[in-house]
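Asker: Position one of the sequence shown corresponds to residue 23 (the numbering used here), numbered consecutively onward.
Warning: the hint list may mix true and false statements.
[What the hints assert, rightly or not] Derived DSS-like pairs: lysine-lysine, alpha-carbon spacing no greater than 27 angstroms straight-line:
1) Lys48 / Lys114
2) Lys88 / Lys44
3) Lys213 / Lys760
4) Lys284 / Lys340
5) Lys76 / Lys114
6) Lys108 / Lys473
7) Lys807 / Lys213
8) Lys243 / Lys182
Keep in mind that the hints were calculated from the coordinates and are not lab data.
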Amino acid sequence: MSDNFLIYTASAGSGKTFTLVKEYLKIILTHPTEDAYRKILAITFTNKAVEEMKSRILDTLLELSKEDSNKAANEMLQMIADDTGKEIQQLKAKAKTVFQHILHHYGSFEVATIDKFTHRIIRSFANELQLNNNFQVQLNFDPLLEQAIDLLLSEAGEEKELTELFLDFTLNKLEEDKSWNIKNDFLQTGKILQSENHIEELKKLDGISLQDFKKWQVALKKSIPEQQNQLAVLVANFLETLQQNMPLEDFSRKTFPNFLQKLIHGDVSDITRFETLDDVTINKSSKHEVIWEGLKTQLSQDYQKIKQLQRSIAFTAKILKDWTQVSVLATLDKVIYELQKEQNILPIKEFNKIINEQIQNQPAPFIYEKLGDRYQHFFIDEFQDTSELQWKNLVPLISNALDSEDANQIGGSVMLVGDPKQSIYRFRGGKVEQMIGLVKEDNPFKNHTKKVVNLPSNFRSFQQVVAFNNNFFSWMSDKFKLDKYSEIYKSASQIPQKVEKGLVEITFLEDEDNIQEAYLQKVRQHIEEALQQGYQYQDIAVLVRKNASGQLVATYLIEQQIPIISSDSLMIGASQEVKILWNFVQYIQQPQNEEAKTALLEYFSSFVPTFPKHDFIFYGKNLVKLEELEVYLNQHQIAINLQDLPTKSIYEQASYFAHHWLKLKETNAFVHYFLQMIFEWNVLQQKPYHEVKELYETEGYKKSIPSNENENAVKIMTFHKAKGLEFPVVIIPFLDYKIYEHIEKLWINTEQVIPEVPVMLVSASNDTEQLIGGLDENNPVFLSKEERLLDAINAMYVAFTRAREQMHIITQVKKTNNGVSEGYISSYLYHYLTKNSNDNYFVFGEKVYRKPNLQTSSRIENLAWTQTTPWTHKINITTLESRLWASEKGEERRFGNVMHQLLSEIKNEDSIKIVLQKAIKKGWIVLSQKETFEQRIQEVVNHPDLKDYYQTNTKTWNERTILTPNQSFIPDKVVFVSNQEVVLIDYKTGKTFAKHQQQLQEYESILNEMQLKVVKKILVYLGDQCNVITL
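I would like the entire structure built from these sequences, with the hints used as guidance.
Answerer: Shown next as structure tokens:
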């Protein structure tokens, strides 16, 4: 590298991976040695990305080494030659040598996730950190957190401070008319402990004991009435002075006097109301205008004290609201630490914190020595998702590499690649501000000049997709109040490199009673249209923001017999039917489980719509025994049998409820797979309830229905999972969510109120923003809103840039009497599109029609959907092992294979349309091929020499397996002309061969052994014309 500190800003589809691979290859192909790759560390963020990067580097190296390299490899070779001054043949020879060396020393080929690299560092320093060398890495923090909370709750009643803490919190929740169950609140609060975003604030609370928290809480509570009394006196004196000088009726609608009366009575909620006396207006008819002007000057200092006290009271009340949850965090952290030591585990979330606190200050050479490797070149992909701690931990190692030279006097380098617009992992600690700063003025390597390169082209998407995104996101740039965020999108436009037009289609759905169904029907419509245009299922992706939306789409498409692939949307625990089924099992096993019983009653309330839901649940919850609830349900015409179930197995209990009480449509794969899982655990492995419960709640609910990623199916995934991927056709439904859907918890500075507790967690509501004041980055609530807007727009950008050829957006705007409701992501899209129109449907570009391509995956297999049956029936799972596509090349052979498969399904002319429809759904053919195949099949079944064998009442064996002692035979078609006489038909593709006739002779011999006489043998060649040979 001529520049040793390179930053590439790479928008979606701009050739980021190509550039990264090119720069990587420049180092290893120009270095004097053949093992320069040993000194390179390439970092990315997922294991899948690691494998893709490794494959890309090796595949490119292999292609470069060939004499007849492909076009892409030749282009890269020329670029490397131009950049380095090396000869093409010299680079080819080096590529071959390096490729072989990597294969023989693959373990030294370092492309890793950042977590894996930090794990290596910690392992190397285990002794210095006083860690057990055999510690286990825990990827999922939640079980540890839940265990710690359960331990804390179990100490209630024994530990005085904890007991008082929990009691106070429970009472507060009851006063707010919320559930008394505090465990869920602690679970949500406890998740703060796993996020890097809160490390600095949590440090400020170190050393504050539970007793101290309680002491300061009491002090703050006591201060509120004291301040309220002071405020009441001040306001009363203020009002008295006003009344002595002018009538209160002179103030416009008496709003100011009313405001003061509210303060006297303790209502301090209107923080921004009448900030100064200049904000107060009097009636135009008042004769005391001059007096009022004088009073404003005279009373301004008193009024300032009033506003300060008002703000102080409100602020104190605000920080007390979440005091209990924050005070338990410190105790929770200690319990988790003890559990980690006891169980010899280390959560992955601790890695960066440990390195930052205990290893970072070690000299870089010492760290390298402990690692056993010394890296000279660093490549960091997806840099916008790197956390502050991760970057801080890497800087010393990179700095040392940049300042050093190897034995060949070649210096080190670092290359960062990222895109602030695709930063969507803030919740994991990813800070887009970090990359923004580096692109601008920041430089942690003061002795090295950085070079920032923008990749301006888009090599992925067709022209209209790029144009729409350019225009929309440039328009969005003005919606930010912070310039640093606005600038991200001001320079977002790309230059399309594809010549095809492409299509962008946006539909705003009308406000319907069943809007969910409208979304799903529109998704299906777009899928069917894509099939008609020559696409296959595997070309289509449905992208959603939340797994819940993906679940809806998955369930609907399964019902429509459309094949799908989705790891998240096929998750068992996301199914509403499985949730209620699991609640039923829990209730039968533990009738005292109030949560499960309530869920069941809520479910059964829909069976009795004439009875008030709240009353139905309330009366049912008071019943303790199973038989009591059974009688209660029977009284409401729900004829359920609960008393006999406790003696049955868990599997039998679940099967009973699934068969009799789940409102299932024709198919439900989630329930079926759940029952399979319970059957395996409870029946086959003989596990008791408590073990089944633990298995399901720790891992079972996260399992997904198995699917083959290579099959011809529609892909369903979240925006986050789709990042880095591309699809010919993208459908984005449910794009109507609120940007500020949930009120976040934020840290605010509390030193001015209570110096001993310098920070506190509070709700990021509008009143908090008003309390803090100031619309800039110093106001954490204001900053949080800007961050959330950026995160929402970034997520939309990621989704909108996945499409290669067509993008279909389905959305809805919420409307009131005053117009469009703001704060929804769809409102921005609506305002952009309706600047010059009030339509609900917008099209940019034109539909793309593909030439049908018969080649598809070698395995076509749908998910095994079966209807839920009573537990007494056997559950059979069958899959279709397709013989559709052979490995032979040639369009004629592939066409023949498809025809062969279709004919194997057809018994008579009436079944042709049914089989063709099935073939489309299975992905054997696309919709645009239906007419062609139907015509060709008609030629076969209506051929003069064949039509007698495709009659409705004819008995046939289609691809029936015949077993012999030595092998098996599968004739294509055996037609019975009588009980003992048959006609043998076999379909072939291509030229005639003698071996085809020989094969029929073998079939005849086998059938003769079965006492069947073959009266005619027919070979049907499926070429351009139907050629029939009768033997």
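Asker: Decide, hint by hint, whether the structure agrees.
Answerer: Hints versus structure:
1. Lys48 / Lys114: holds, 12 angstroms
2. Lys88 / Lys44: Holds: Lys88 and Lys44 sit about 17 angstroms apart, inside 27 angstroms.
3. Lys213 / Lys760: Satisfied, since the Cα-Cα distance of roughly 23 angstroms is no more than 27 angstroms.
4. Lys284 / Lys340: Within the cut-off at roughly 18 angstroms; holds.
5. Lys76 / Lys114: Answer holds: Lys76 to Lys114 is near 19 angstroms, not above 27 angstroms.
6. Lys108 / Lys473: This hinted pair holds, its Cα atoms lying about 23 angstroms apart.
7. Lys807 / Lys213: holds, 21 angstroms
8. Lys243 / Lys182: holds, 20 angstroms
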